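Enquirer: Please model the entire structure based on the sequences and the hints provided.
In case you want the letters, here they are:
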Amino acid sequence: MKNIYIFFYFFSIFLVAENYEPFQSTYEPLPPTNTIFRNANIYDGEGNELINTDLIIKDGKVVAIGIDLLSSDDLKEIDASGKWITPGIIDIHSHMGVYPAPSVKTSSDGNEATSPVTAEVWAEHSIWVQDPQYALALKGGVTTFHVLPGSANLIGGRGVTAKNLQRNTITSMKFPNAPHSLKMACGENPKRVYGNRGQMPSTRMGNAAGYRKSWIKAQSYLSKLDEYEAKSDEAKELSYKPTRDLELETLAGVLRDEILVHNHCYRADEMATMIEIAKEFNYKITAFHHAVEAYKIADLLAENNICAALWADWWGFKHEAYDMVQANIAIVDQARNGTGCAIVHSDDEIGIQHLNVEAAKALSAGIKAGFNISKARAINWITSNPAKAAGIYDKTGSLKVGKNADVVLWSKNPFSIYALAEKVYIDGAIAFDRYSGLEPSSDFDVGIMNPSKNRIEL
Amino acid sequence: MIKNKLFLAYTILAFNAAFIESSNMVIKNAEIYDGIENNSYQGHILIREGVIAKISKTSVPYADKVYDAKGKIITPGFIAPDTQIGIVEIGALSVTRDDESSIYSIGFSIHDAFNPNSVLIPWNRANGITSAITLPRNTSSPIGGLGSFFILDSKLDILSEADVAMIGRLGGSGSSSRSESLALIDDILSFASSLDKKNMLTDASIDEIIDDSSIASYMDFKPRDVKALYRLFNDDLPIIIKSHRASDILKLIELKNTYDLNLIIMGAQEASLVVDKIAESKIPLIVNPINNIPNSFDELASNINMTSMLEKAGITLMFNVSRSHNYHLIRQGAGVAVANGMSYGGAIKALTSNVAETFNLKNRGSIKVGNIADIVVWEDDPLEPSSMPEKVIINGIDTDLTTRSTRLRDRYIRDLEKPNTYRN
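Just so you know, the protein sequences line up as chains U and X, in that order. Note that the first sequence covers residues 1 to 458 in my numbering. Note that the second sequence covers residues 1001 to 1424 in my numbering.
Please keep in mind that the hints were generated in silico from the structure rather than gathered at the bench. Since we're looking at a predicted model, the values are computed, not measured. We put the CB at the ideal spot given by N, CA and C, even for glycine. Don't take each hint at face value.
As the list claims (entries may be wrong) - List time: in silico DSBU-like cross-link candidates among lysine-lysine, alpha-carbon distance up to 35 angstroms:
| no. | chain 1 | residue 1 | chain 2 | residue 2 |
| --- | --- | --- | --- | --- |
| 1 | U | K368 | X | K1054 |
| 2 | X | K1242 | X | K1222 |
| 3 | U | K318 | X | K1391 |
Said to hold, decoys possible - Simulated coverage check for chain U against chain X, where a stretch passes if three residues somewhere in it have a Cβ under 8 angstroms from a Cβ of chain X:
| no. | region |
| --- | --- |
| 4 | 99 to 105 |
| 5 | 193 to 207 |
| 6 | 409 to 420 |
Expert: Structure below.
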């Protein structure tokens, strides 16, 4: 009898161990700052400009948005006359934490450049949570960011979406229930890195063969997994579960539509090739990143429901980035009667602090190209569209009642270079306040130059 | 049809350019930031034979061609002091790079490599940059290479000033101590300060000096290198040293004082810790106002308020950018500086006259009578990156603002019924 208990005891431990899902988000928001903003000008991230409008955030959520809303005792009132409110900004392409500051070898952990396919690595396992860059991005209004591995590899590994609320473990920063992503890369980088070592790929055709070989392996793994999972419990006991394979688990996750593909790709012809490969293996590309030539195939992207995450103007550092058009973002946005999905991304520790100005440049270029695009629509490029591409649009990215209260209060219209984020709220809790001096600092900042001060306190 | 219209437009443009060159024009009703005064004023500018002939605050001077800039801001053409325009076309493509030498060190000049047909030139010009200083890449040597000044008018008949500045660097290198770099700079400067004109007459006599000097021999100097060093002390040649750490900046101030160098410090991410010392030394700085990243252990004090602190201390400032190709983004940096406390007029000077004065670029960088007419008419506030130049005048000539980028854009938004390769 006792033995049976012992047996069940061990069996239950075994079950728990078998079912434990590691690396789940343990994120907890800060205590809420329930607030009513009076007479704000609002870009809501849904394409609307609301002038002299009130906004209530309570218990972490957007509760009401409208004219002359009724206040209540539990709300702090902020006069936002003449100021602007936007949803919290989302950067869909960040390397904060995996390429932290200072930029030194010992913490440059973004590229597992030892094999062209490393689908088994996860960016979140590289992230340094004490990177001083998160707080700088927060002061630029960034409330959520998506960190990807670098682009040395054809398939670089999993990305992670995080709240910009610095904590001392990565799980406590992870955006709850955000899907995982997979970084893939086209073009010069993989073929240069591996070609220089005399191995495959050394050409773009080598790149294409590399992806396809991986997907064939993934399909075979997935069918074994499906076959096993379709069995009855009895039949499962009589057979072996396919051995876990970290690389193929990630790729199978893509084929099961659980993991979103984010594909670094500059040239239009290569993007078209990648779309063919995605169709061949029946997976979806969520977004092309950098995509300097997206404007050449904007219709194709819109038809296939693929976002393009772009710089406003960087170019020329590589041959595949030579055909820069400043209206790239606007052309993608306007494709197929405005059904395109354009995103302004940073891929840069300075750019992430000024995504509003990057969007302003892209909008200006679009207007010059003859498109009729409003600021209220252009704000989507740094709010709702990246939220969609990160798979978190149901939770954030726009100021819809019921969504997370990720909110930025700007001193001026955010399309101006002179606009500063005055207050930034994450899940309805104030995380940065320019005038009260409330701002986070990382352990790195503490006492590093002057022992009794923080890094940038002079 | 569209093709014909464009052709017509080009014809008119070419005609106009030729017309203005040999004639004169007036820009009237402009709000002028002249790069000298902090505040703007309303006025009319007469350009004759490429030169600013008259600035009137009352009546409009007569000219063959009148351009009404009512409601528009005009500034001097912006001058980018730290670029690779004309010598690097595509960063990762070494065959398009002309920014390095394996033979010459200090005397390596990039001047003759300049490509006036580079795509970067119309692009930066259309964004308000009318001239630029192009610098070679930093080498492992703490001093190495000469930069030149170029007018960005895309003419094969290149207008330039060769070898206007020497470059160098000091800081954490990952290979050897900065103390070694400082000693090496000191040894080189000591050698340079001992050079005598009578020994500089022939390459043979310079070779003798090299043989006699242990440091010159060790550094494997060629006569070109020695001639460049000679200019430091006999031509007051500016030397731009890239350095960040506060303690390094203080060492550079000592060097300046010891050798009476015409020193400029570039980067200077920790300048805010030694503001008074820099102000006292009168060393001009080239900074990137948008860069607040502690990107190395030399740059821990990086912060967004630095530029306005430096301005308040009276330090002469110029701006650079951290990424390649878009050197015009110095004006976005200037806008960020103003958003964080710098004065507007001070920011315009940092983009114009401060560069001209620091590098002794004669008759450029400000709107005053007698200066060469490098003038930009802005559709709106020049420090708003969303505002673009409406007119860019270089040497008094109205330049074409078409870029490869606008051509490619038009190819994908116009004339779409034709296959793309048959569009304009």
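Enquirer: Run every hint past the structure and note whether it holds.
Expert: To see whether the hints hold, each was checked on the structure:
1. A distance of roughly 34 angstroms separates the Cα atoms of K368/U and K1054/X; the hinted pair therefore holds under the 35 angstroms criterion.
2. A distance of roughly 24 angstroms separates the Cα atoms of K1242/X and K1222/X; the hinted pair therefore holds under the 35 angstroms criterion.
3. Distance restraint check for K318/U and K1391/X: the Cα-Cα separation of roughly 30 angstroms lies within the 35 angstroms cut-off, and the hinted pair is therefore satisfied.
4. Counting residues of the region 99 to 105 of chain U whose C-beta sits closer than 8 angstroms to any C-beta of chain X gives 4, which meets the bar of three, so the coverage hint holds.
5. Only residues whose beta carbon comes within less than 8 angstroms of a beta carbon in chain X count, and the region 193 to 207 of chain U has 0; fewer than three means the coverage is violated.
6. Proximity of the region 409 to 420 of chain U to chain X, defined as three or more residues with a beta carbon under 8 angstroms from a beta carbon of that chain, is established by the 6 residues found.
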